[in-house]
Amino acid sequence: MPKDGGIGASNKRREDVRFLTGKGRYTDDINIHGQAYAYFLRSDVAHGTINSVDTSAASAMDGVVGILTGADFEGVGSIPCGWQVTDRFGEVMQEPAHPVLAQGKVRHVGDPIAMVIAESLEQARTAAEAIEVDISELPAVVDMKEALKDGATKVHDDLTSNLCYDWGFVEENRDAVDEAIKGADHVTTLELVNQRLVANPMEPRVAVGDYNAGTDDSTLYTTSQNPHVIRLLMGAFVLGIPEHKLRVVAPDVGGGFGTKIFHYAEEAACTFAAKRVGRPVKWTASRSEAFMSDAHGRDHVTKIELAMDKDGNFLALRTDTHANMGAYLSTFAPSVPTWLHGTLMAGNYKTPLIYVNVKAVFTNTVPVDAYRGAGRPEATFQLERVIDKAAREMGMDPIKLRRKNFVTEFPYATPVAVEYDTGDYHATMDKLEEIIDRKGFAARRAESEKNGKLRGLGINCYIEACGIAPSNLVGQLGARAGLYESATVRVNATGGVVVMTGSHSHGQGHETSFPQVIAEMIGIDPSMVEIVHGDTANTPMGMGTYGSRSLAVGGSAMVKAAEKVINKAKKIAAHLMEASEGDIELKDGAFTVAGTDKSVAWGDVTLAAYVPHNYPLEEIEPGLEETAFYDPANFTYPAGAYSCEVEVDPETGKVTIERFAAADDFGNIVNPMIVDGQVHGGLAQGIGQALLENCAYDDDGQLLSGSYMDYAMPRADDVPFYDVDHSCQTPCTHNPLGVKGCGEAGAIGSPPSVVNAVVDALQSAGHKDVYHIDMPLTPSRVWSAMNGG
Amino acid sequence: MTKVSMTVNGKSVSGNVEGRTLLSAFLREDLKLTGTHVGCDTSQCGACVVHVNGEAVKACTMLAGEADGADVTTIEGMANDDGSLNAIQQAFQDHHGLQCGFCTPGMVMSAASLLKDNPKPSEGEIREYLEGNICRCTGYHNIVKAIMAASGQDVSAIAAE
Amino acid sequence: MELSDEKTIAASVETVWTALLDPEVLKASVPGCKELSGSAEEGFQATVVQKVGPVKATFKGDVSLTEMVEPESLTITGAGKGGAAGFAKGGANVRLSEADGQTVLSYDVEAKVGGKLAQLGSRIIDGFAKKMADQFFENFKAQIEGPSDEEASDEDAPEDSDGAAKKSWIKKLVS
Amino acid sequence: MYNFDLERPTRVADAVKLLSDSVESQPLGGGQTLIPTLKQRLASPDRLVSLGAIDEMKGICQDDSGRLCIGGATTHAAVAADGSYPALSAMASHIGDPAVRNRGTIGGSLANNDPAACYPSAVLASNATVVTNAREIAADDYFEGMFSTALDEGEIITEVKFPVPEKANYQKFLQPASRFALVGVFVAKHSDGVRVAVTGASNNGVFRWSEAEAALSSDFSAGALSDLTVSADDMITDLHGSAAYRAHLVKVLTGRAVSAA
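Residue numbers (the numbering used here), protein chains in the order written: chain A, 7 to 795; chain B, 196 to 356; chain C, 130 to 304; chain D, 725 to 985.
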């Protein structure tokens with residue numbers, strides 16, 4: 007097998023051909039004979055008591071097949087939460103019920119009240135408008151700090167307050183951290199907001215429920231990153247359908263970014279309704295509907311304090327964060343501000359003492375859950391912003407201050423309970439300094455100033471924990487699921503290979519990169535390897551794709567299964583060549599006997615496995631198919647150094663990204679082209695968060711940014727060409743590929759560098775009191791900051 | 196219902212539509228040409244861009260009835276006659292100008308429209324032209340690069356591949 | 130949206146107070162009001178059609194008069210559902226005082242919208258609400274005073290331009 | 725969308741007739757605002773009268789007095805490509821996006837009079853005349869506040885006549901999500917004085933900044949604006965900018981437009 011098609015090759019993506027010719031098959035492209043269409047009537051108030059829902063007039067309207075309300079789901083389970091956090095007093099979090107359709111109360115704008123099923127979508131919508139809903143509006147709880155005050159209106163009457171949990175980490179360090187901060191030479195403090203975002207994959211969510219009355223089987227086609235997880239959650243916890251009678255298919259999925267991990271009410275409703283009305287039921291979200299029903303991301307308000315000695319050595323770090331859960335607990339929501347955030351507060355630095363406090367709060371807003379990076383961008387942003395401020399206060403170079411505090415010895419156990427297996431933070435910083443021409447910055451700044459613009463340079467580091475992660479560990483931390491991954495490697499008689507993976511590709515290019523690994527292992531052309539994913543009926547139980555885990559965990563499962571296959575094939579080859587199994591080597595698609603010129607081709611062995619005429623039947627079974635589950639020993643820790651150069655128009659406050667550079671350490675790389683693409687996309691989302699995106703509510707819980715008219719998505723002219731580099735590679739020590747994961751890095755690492763750069767630009771123009779501007783750094787906000795606002 | 200007839204990807208087609216039927220719905224549901232995607236409802240994302248009488252339009256913001264008699268090209272009509280990718284499509288594959296593929300049909304249709312009017316666009320012209328096409332995956336880097344490459348420009352100096 | 134303003138009306142405080150409680154006057158004053166029934170004591174039911182650019186929504190809802198301190202002050206509140214558009218509600222605290230034989234009507238208005246109107250229209254809601262409030266009190270003033278020549282020719286003044294609505298309310302009372 | 729009948733008359737007179745009979749009808753220009761609105765079910769006309777098939781309403785020419793005459797159903801793309809009034813073409817080339825410009829029309833934009841649309845500022849600053857099936861309306865009489873115009877029900881903009889100024893320029897500061905104007909300023913220097921029209925900023929829609937016009941009429945330079953301030957009263961405040969910020973932008977953009985004209 008030539009090297010240019012295996013690990014390390016920038017193979018072109020095979021899936022592109024169908025996407026480029028309009029032949030992709032997304033969920034909304036699926037139409038089942040006889041299907042009816044669902045429309046959800048949603049609350050337009052943020053909080054209220056439902057007095058009555060009268061569907062009588064609507065039921066009689068043209069085309070209406072059926073109408074379901076909360077009452078139809080009595081006895082059906084609650085949408086489950088997959089992670090239980092225990093608070094700093096040892097108590098488990100408050101966990102409210104989350105009915106499929108609202109029962110008794112509506113708790114956010116967009117909360118579904120009724121589902122209308124009709125012959126056409128327009129008929130369903132028209133009928134929905136005829137449903138008479140009598141709601142007594144209640145005061146809405148929107149601001150997190152207000153929500154925790156005594157006497158605040160409760161989002162859930164049956165809970166003791168709006169506090170989901172009060173998490174302290176590491177609680178045993180609390181006093182020591184307080185002491186260290188009290189006694190430090192210098193403490194830098196920063197209060198900041200990590201604003202609420204909407205993931206906005208370009209494909210809105212879709213669900214098609216189908217029921218076969220003859221076999222009592224249910225099928226759900228859905229826009230999901232993890233069909234097996236949906237099958238488990240929906241089957242076992244909501245609808246009571248045993249998994250063997252439930253199939254979940256996630257075909258081509260048009261982007262996820264976290265928001266398609268979660269089990270949503272509409273999925274359960276369509277599956278349930280298909281059986282109830284005896285018709286396939288299809289629901290397609292409009293973008294407006296997506297804004298008020300997709301789980302949102304981020305939404306933290308934080309105070310961070312960094313204590314240093316006089317030389318700038320980090321002594322202690324303390325953070326106090328309020329994290330918005332929204333009105334209900336989405337699937338993995340409780341884990342985001344805790345285990346995906348608090349454990350990353352050490353960053354790339356050897357701060358000996360860290361204490362993180364997070365108060366998770368219920369509000370009358372759309373539920374908040376993981377969005378690209380999930381918790382890690384929030385950790386990185388506050389840490390890298392406070393270090394930037396500290397450097398200014400201490401009069402130190404921001405890179406030198408960071409380098410002084412880098413972790414340099416591995417493995418390194420942080421004071422926040424994770425162990426970095428490997429890394430080299432100086433190397434990525436060296437690489438970054440090389441790419442960005444820091445020496446030339448002064449001249450570039452002078453040039454900008456000549457044109458009446460301010461120029462700023464922002465630098466930061468990041469680390470993330472991905473490849474989530476050891477099941478026994480996450481189980482202790484409250485996960486209600488395992489976090490292994492699975493693969494079945496099936497070799498056909500003629501030598502072709504099918505890999506059935508529990509990972510799910512929705513843009514990441516698994517169909518191209520996974521075969522590269524198999525091709526490398528066997529020495530065949532990647533075109534002989536096919537990837538099957540996204541259908542619980544023909545893939546082994548897997549946990550899906552998020553948290554940059556596909557290659558690190560799913561790829562490792564595939565390697566394990568392939569190794570089993572190869573070991574078996576070696577036995578067959580040994581038999582065919584009448585040699586000892588221990589002497590068999592597999593290389594370039596042929597088995598050889600070490601030290602001899604004996605050889606048998608891969609295809610001859612695979613044929614023998616299925617046509618076992620000359621075959622050691624007494625020792626091994628025919629066939630060549632193996633399944634493996636891989637449960638990682640640790641997270642992986644990609645890390646890097648990022649830099650942004652901006653120009654600020656001092657008259658208007660408009661920020662333009664002039665340069666953006668990223669030096670990442672992702673360990674080993676399978677397909678560099680795909681890795682670059684993943685970083686590019688992450689950078690655009692991070693730049694979008696820094697400059698453009700903002701999901702805003704008013705005081706009454708009305709969603710103000712409910713469409714692309716007000717939610718500013720990054721466009722082609724908002725971003726530059728990026729300089730990305732991943733030549734610094736410290737391979738992961740605990741997975742067979744030595745890979746770390748690259749999907750989230752860009753989104754994690756980029757927001758602080760943008761904000762650092764803008765602050766740098768403003769400082770350069772004498773705005774010495776501007777240390778921080780909350781994201782997004784809209785022209786209006788930057789102008790206000792420059793004008794004392 | 197009113198009868199509409201048009202030419203789509205070189206073939207004469209007709210169907211019965213309501214006044215409110217959008218061109219995107221007619222293409223996707225009546226003609227089963229599901230390559231034209233619908234990603235928003237305010238005419239901003241551009242996943243639905245098709246060509247009507249040679250001009251890029253948003254098929255979700257045009258009534259099917261208004262396309263009566265028109266010549267329509269969708270992503271399904273873009274490949275070469277032998278079924279191979281055309282120059283733009285090929286450049287998107289060569290330069291990894293797509294990830295999830297959902298915005299891609301609109302991107303390709305917009306790119307084709309741009310290159311028709313401006314055969315050698317600059318980076319800035321491409322970025323500006325794409326303001327009506329939102330991609331959430333690629334960060335646009337490789338889309339811009341692919342379009343430059345499709346126009347025959349040397350993109351080897353553009354960072355990172 | 131919150132807004133405070135005042136209008137001077139060429140009539141006595143008692144006349145203005147009586148007009149405030151009159152369903153006919155209310156109907157003619159609420160911009161876009163197509164139907165109004167009920168009474169000041171029991172509350173009114175109203176149907177209001179609002180057109181803003183391409184948007185045309187019909188709101189059905191209630192208008193009530195509360196905190197009445199005759200003839201000094203009262204609160205007018207209204208809330209209507211606009212079907213797919215969402216809802217709108219608003220209130221005005223109205224105070225009357227006499228000045229130079231005329232009545233100064235001062236008001237504090239608050240307006241809120243929900244649903245699609247909030248999600249899609251945030252940039253124009255404040256401006257629109259101000260315009261509506263202003264029109265309401267302009268119409269109200271015109272009802273009592275009768276339209277000026279200029280206003281009478283203004284085709285945009287009370288939208289349902291049936292002749293009766295444009296006649297002075299006082300003239301109708303005495304005629 | 726609620727359903728409606730779609731009519732595609734080929735003559736102005738037929739369109740006017742369709743719009744004036746008893747069926748609740750609405751004219752459909754390029755539909756780039758109306759169709760999204762209908763998709764949200766924010767209006768429910770019984771009939772849409774498409775103006776897109778009326779050839780007599782399309783095209784650009786010059787009349788005897790040198791005015792640029794643009795048919796009401798002419799697309800933004802066509803105006804952008806014309807170039808005989810460069811500032812106007814440049815403005816049209818930044819409305820929406822390319823696909824929107826291929827459908828959206830000048831008549832549709834002006835009839836809608838969105839407070840953040842670009843065209844109203846060009847018409848007002850250019851002192852253009854809006855021609856309808858029934859009459860001619862001077863720009864100063866046409867705009868009546870946000871989304872309000874002098875048009876009667878069923879009245880169609882058939883043409884807009886632009887005097888071509890000696891110098892003109894439009895500066896648009898983008899609202900980053902919708903890409904409408906957060907603030908847009910059109911400055912036009914005519915032989916008899918300067919007109920400055922501002923869009924995007926005010927709750928009352930497009931307006932003329934008369935103080936700037938006076939200052940610029942005697943000294944057409946950005947410096948002439950230095951002592952002027954713009955009141956933030958009645959400016960729009962939203963997610964994207966405060967009233968004070970918009971007021972500030974009006975002055976900045978006016979200066980830039982003057983410099984670039």
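No wet-lab data here; the hints were simulated from the structure.
Keep in mind that a hint or two might mislead.
[Stated by the list, open to error] Here are some chain A residues pointing at chain C (derived, C-beta under 7 Å):
# : residue
1 : D705
2 : L709
3 : S713
[Stated by the list, open to error] Under 7 Å between C-beta atoms, here's a sample of chain A residues computed to sit facing chain B:
#  : residue
4  : G14
5  : K18
6  : F95
7  : N206
8  : F447
9  : H512
10 : M679
11 : Y714
Since we're looking at a predicted model, the values are computed, not measured.
Cβ atoms here follow ideal geometry from the backbone N, Cα and C, with glycine treated the same way.
Comparing the hints with the structure gives:
1. D705: violated (9 Å)
2. L709: holds (5 Å)
3. S713: holds (6 Å)
4. G14: Nearest chain B Cβ about 14 Å off; hint violated.
5. K18: holds (5 Å)
6. F95: This interface hint is violated because 41 Å lies over the 7 Å limit.
7. N206: Hint on N206 of chain A: holds, closest Cβ of chain B at ~6 Å, below 7 Å.
8. F447: violated (18 Å)
9. H512: holds (5 Å)
10. M679: holds (5 Å)
11. Y714: holds (4 Å)
Checked against the numbered hints above, the structure violates hints 1, 4, 6, 8; every other hint is satisfied.
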